[in-house]
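Q: Sequence:
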Amino acid sequence: ARMPPAPHRQVFGAAFNAATKNGDQGTIFATLTNFASFGAQYEDVILYASHDEHLVFLERGYRLDAHEGKARILRFEGCPVHVAVSAAGPLLHSISLEYGWHPVTRHSFTLEAPAGTQPEDGEISFALDRAPCGWIWLRAWLDQDNSGTLSPADRVCVGADEEGRLRAKLGPGVERLECTLLD
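With this note's numbering, you'll find the sequence shown wraps up at 183, consecutive numbering, no jumps.
Note that these hints are calculated values from the structure, not bench results. Among these hints, one or two may not hold up.
Computed beta-carbon distance windows for the label pairs [what the hints assert, rightly or not]:
1) Ala-15 with Ala-88: 28 to 36 Å
2) Asp-129 with Arg-167: 17 to 25 Å
3) Gly-116 with Arg-75: 20 to 28 Å
4) Ala-71 with Gly-122: 48 to 56 Å
5) Pro-172 with Pro-114: 12 to 20 Å
6) Ser-125 with Asn-17: 37 to 45 Å
7) Lys-21 with His-51: 16 to 24 Å
8) Ala-88 with Tyr-48: 51 to 59 Å
9) Gln-118 with Gly-13: 47 to 55 Å
10) Arg-75 with Asn-17: 38 to 46 Å
11) Thr-27 with Asp-145: 34 to 42 Å
Cβ atoms here follow ideal geometry from the backbone N, Cα and C, with glycine treated the same way.
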C-alpha cells in the first residue's frame, strides 16, 4: 500500500525555522497550514510543537486525542461542506472543482461532474467531506474546451480571482457554498 504524500522537510523545515527565527508570522502560518494539509490524509498525526503552533492545527479542523507536554496526537475531522454550482440543464461539458487550504496554493482535492450529468434543482452539488476549517480556496470551472485543465475558454465562478479561485471561511454553521458560473 502507498502512503499519502508528505511535505519535503528540507524545504519546508528550513523555511519554518527561518520564519520562526525572524518572527515572520505569515510564513509561519502558511508553513503550518501546509503541514496540516498533508497530515489530513493520515489517520493520526503526531505533532511536537508549541502551544501556538498546536492551535493552528486545531483551528484547521484537527481534534486532540492525547497530549503530553509539547507532544500531541491529533486526528483530522475538518469542516465538511457542500458546494453547489449552478447549471441549467444536462452538462454539455464537465465541471471540475478543486479546493485547497488557503494560503497554500497547491490543491488538495479535485472532483468532477462529467458531461451529461443532470443537475438537481438547477445545480450540481459537490460534497467536500474532508475540507479544512478556516480559510480555503475553491475553483470550479465548466471545461468548455474539454482540455481537462482550466483555460481562458472555460467558465469560472462569479467573483473568482485571476486564477479562477474563490475564497471562503469554513466553520460551524457553514454547510453550503454557492458558485454561479460566468456567462
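Q: Note whether the CB distance of Ala-15 and Ala-88 lies within 28 to 36 Å or breaks it.
A: violated (46 Å)
Q: May I ask you to test the hint 12 to 20 Å on the CB atoms belonging to Pro-172 and Pro-114?
A: Violated, at about 33 Å.
Q: Can the suggested window of 38 to 46 Å be confirmed for the beta-carbon pair Arg-75 and Asn-17?
A: violated (26 Å)
Q: Can the suggested window of 17 to 25 Å be confirmed for the beta-carbon pair Asp-129 and Arg-167?
A: holds (20 Å)
Q: Note whether the CB distance of Lys-21 and His-51 lies within 16 to 24 Å or breaks it.
A: Roughly 19 Å apart at Cβ, these two residues keep to the hinted range, so it holds.
Q: Between Ala-71 and Gly-122, does the C-beta distance stay in 48 to 56 Å?
A: holds (50 Å)
Q: Does 47 to 55 Å hold as the CB distance between Gln-118 and Gly-13, or does it fail?
A: holds (48 Å)
Q: Measuring from beta carbon to beta carbon, are Ala-88 and Tyr-48 in 51 to 59 Å?
A: holds (52 Å)
Q: Does 37 to 45 Å hold as the CB distance between Ser-125 and Asn-17, or does it fail?
A: Given about 43 Å between the Cβ atoms, the range holds.
Q: Assuming the hint says 34 to 42 Å, is it satisfied by the Cβ distance from Thr-27 to Asp-145 or not?
A: holds (37 Å)
Q: Using the C-beta atoms of Gly-116 and Arg-75, is the stated range 20 to 28 Å upheld?
A: For Gly-116 and Arg-75 the Cβ distance comes to about 38 Å; the hint is violated.
Figure legend: structure checked against the earlier numbered hints; hints not met, in rising order: 1, 3, 5 and 10.
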